[in-house]
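Sequence order for the protein chains is A and B.
One rule links them: number in the numbering used here = place in the first sequence (from 1) + 5.
One rule links them: number in the numbering used here = place in the second sequence (from 1) + 5.
In case anyone wonders, no lab produced these hints; they're calculated from the structure.
Hints may contain errors.
Identical copies carry no separate label here, and so any pair may be met within one copy or between two of them.
Claimed, not checked - Listed next, the in silico BS3-like pairs over lysine-lysine satisfying Cα-Cα at most 27 Å (straight line): (1) Lys146 x Lys77; (2) Lys67 x Lys146; (3) Lys67 x Lys77.
Number of protein chains: 2
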Amino acid sequence: MSHRDMRDELMSQCDVGYHRPMARWQPDARGRLEAAAFELFRERGFEQTTVADIAARAGLDKRTFYRLFGDKREALFSGNGYLEELLVRVVTETDAGPFEAVVAAFRRVAEEIFADRLELVRARQTIIESSPELQERELRKTGSLVAAVTAALRARGLDETTATLATESGATVFRVAYARWVAPDSDAPLSDLIAEVAAELRAITSAPTETP
Amino acid sequence: MSHRDMRDELMSQCDVGYHRPMARWQPDARGRLEAAAFELFRERGFEQTTVADIAARAGLDKRTFYRLFGDKREALFSGNGYLEELLVRVVTETDAGPFEAVVAAFRRVAEEIFADRLELVRARQTIIESSPELQERELRKTGSLVAAVTAALRARGLDETTATLATESGATVFRVAYARWVAPDSDAPLSDLIAEVAAELRAITSAPTETP
DNA sequence: GTGCCGATGTCACCTTGCGACATAACCGTA
DNA sequence: TACGGTTATGTCGCAAGGTGACATCGGCAC
Numbered sequence: 006m007s008h009r010d011m012r013d014e015l016m017s018q019c020d021v022g023y024h025r026p027m028a029r030w031q032p033d034a035r036g037r038l039e040a041a042a043f044e045l046f047r048e049r050g051f052e053q054t055t056v057a058d059i060a061a062r063a064g065l066d067k068r069t070f071y072r073l074f075g076d077k078r079e080a081l082f083s084g085n086g087y088l089e090e091l092l093v094r095v096v097t098e099t100d101a102g103p104f105e106a107v108v109a110a111f112r113r114v115a116e117e118i119f120a121d122r123l124e125l126v127r128a129r130q131t132i133i134e135s136s137p138e139l140q141e142r143e144l145r146k147t148g149s150l151v152a153a154v155t156a157a158l159r160a161r162g163l164d165e166t167t168a169t170l171a172t173e174s175g176a177t178v179f180r181v182a183y184a185r186w187v188a189p190d191s192d193a194p195l196s197d198l199i200a201e202v203a204a205e206l207r208a209i210t211s212a213p214t215e216t217p
Numbered sequence: 006m007s008h009r010d011m012r013d014e015l016m017s018q019c020d021v022g023y024h025r026p027m028a029r030w031q032p033d034a035r036g037r038l039e040a041a042a043f044e045l046f047r048e049r050g051f052e053q054t055t056v057a058d059i060a061a062r063a064g065l066d067k068r069t070f071y072r073l074f075g076d077k078r079e080a081l082f083s084g085n086g087y088l089e090e091l092l093v094r095v096v097t098e099t100d101a102g103p104f105e106a107v108v109a110a111f112r113r114v115a116e117e118i119f120a121d122r123l124e125l126v127r128a129r130q131t132i133i134e135s136s137p138e139l140q141e142r143e144l145r146k147t148g149s150l151v152a153a154v155t156a157a158l159r160a161r162g163l164d165e166t167t168a169t170l171a172t173e174s175g176a177t178v179f180r181v182a183y184a185r186w187v188a189p190d191s192d193a194p195l196s197d198l199i200a201e202v203a204a205e206l207r208a209i210t211s212a213p214t215e216t217p
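Throw the hints in and build the complete structure from the sequences for me.
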């Protein structure tokens, strides 16, 4: 029996187990911690889970968790890197108008990242909605995506205001569509919802009602 | 000399002073704590200020701070109640299109709340920008304003999606205008900036670029 | 094997935030 | 004036978040 196997066995009894030094060489500490966190958040809720709990379930130390995540909330937001990368790539490659480009980028994200994961996304969303702290963090993450996309747009030569407005509007469209998609009674594909909501947004802002 | 005067004198030496029991009847504990927090955040920065510091400067106890604020961050976000109230009132009273109503509401806020406080607002903004924690909280506060306005719009008979899109778009316009206004080189009134940005938003989303 | 490096564990510590309880001012009433 | 109830504070202790400093171990180059 390898050291790792011993390790795993200890882990499965878990939760209260007190581990002597013999704990090292985790194959993917990050991944294990993320998984442990997600499980525990679902089982007991975010607030009822301590960082020590998470680390214990992953067979690691509290300190290690903080070295990899910086934050208890952060364990729930690791996919953001890929999201940002994809978003920026599409926006940069598309040469339609700024708003159209952003919407297109979000549709790509919908297809490539969210399409097959409704259940997972719903579980995650439930966790986030249960805690103000997590909602704040989500807002910040969205904000940083927006900033990245805006920067990409500016790199295409657009001015700050135009870039920001296009990105924020696109993000709004995405948020609304996403909310509908995650709602327990939905079944339309996210990408389609995005297109619909984008059209609605145009209708709302495009009608100045001309009162000169 | 009244007990209160003794109190105030002690307060002015402050900061390290250790107060025996004789500390009570603060005329406006909330206000004093807010002021103390604002001062300290400016002097030392948000992270370098502990709640105990704030309480000490206000001549109160740490525990009292938490009874009034719930949160260290919260001390910076007390004006939000009035803001929300005004926003909701204007949106409810206006009978223009939803987006127009929201923009109008933000312009009222600009005139009645922000107009005379550029310096203050800038100081506050500097503090917020210095701390991720505060940025998150600001995002959440904005989010709850948006929710309130959306609800007001829905009370006017609009459907969820329209109400949300109008509110979010209006908020985006406000954010962009506000950012320009706070920028160290600006001088146009916020209300005007809002009108300009609203026009730009229309231009961006209204131009589908027709690629059929 | 030696020796260094990177990942992890251990320990001690500060701060946030809260529950529980004590206490002092305030207010109405007799 | 005295009494009792209400409200705002202070005091104490504690769990959990978060961090710095140092010890330790496995792996890797030599």
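Going through the hints against the structure:
1. In this assembly of identical chains, the alpha carbons of Lys146 and Lys77 lie at most 27 Å apart whether taken from the same copy (15 Å) or from different copies (22 Å).
2. Within a single copy, Lys67 and Lys146 get their C-alpha atoms as close as 24 Å, which meets the 27 Å cut-off; across copies the closest is 31 Å, which misses it.
3. In this assembly of identical chains, Lys67 and Lys77 lie within 27 Å of each other by CA distance both inside one copy and across copies; the values are 10 Å within and 25 Å between.
When each numbered hint is compared with the structure, no violation occurs for any of them.
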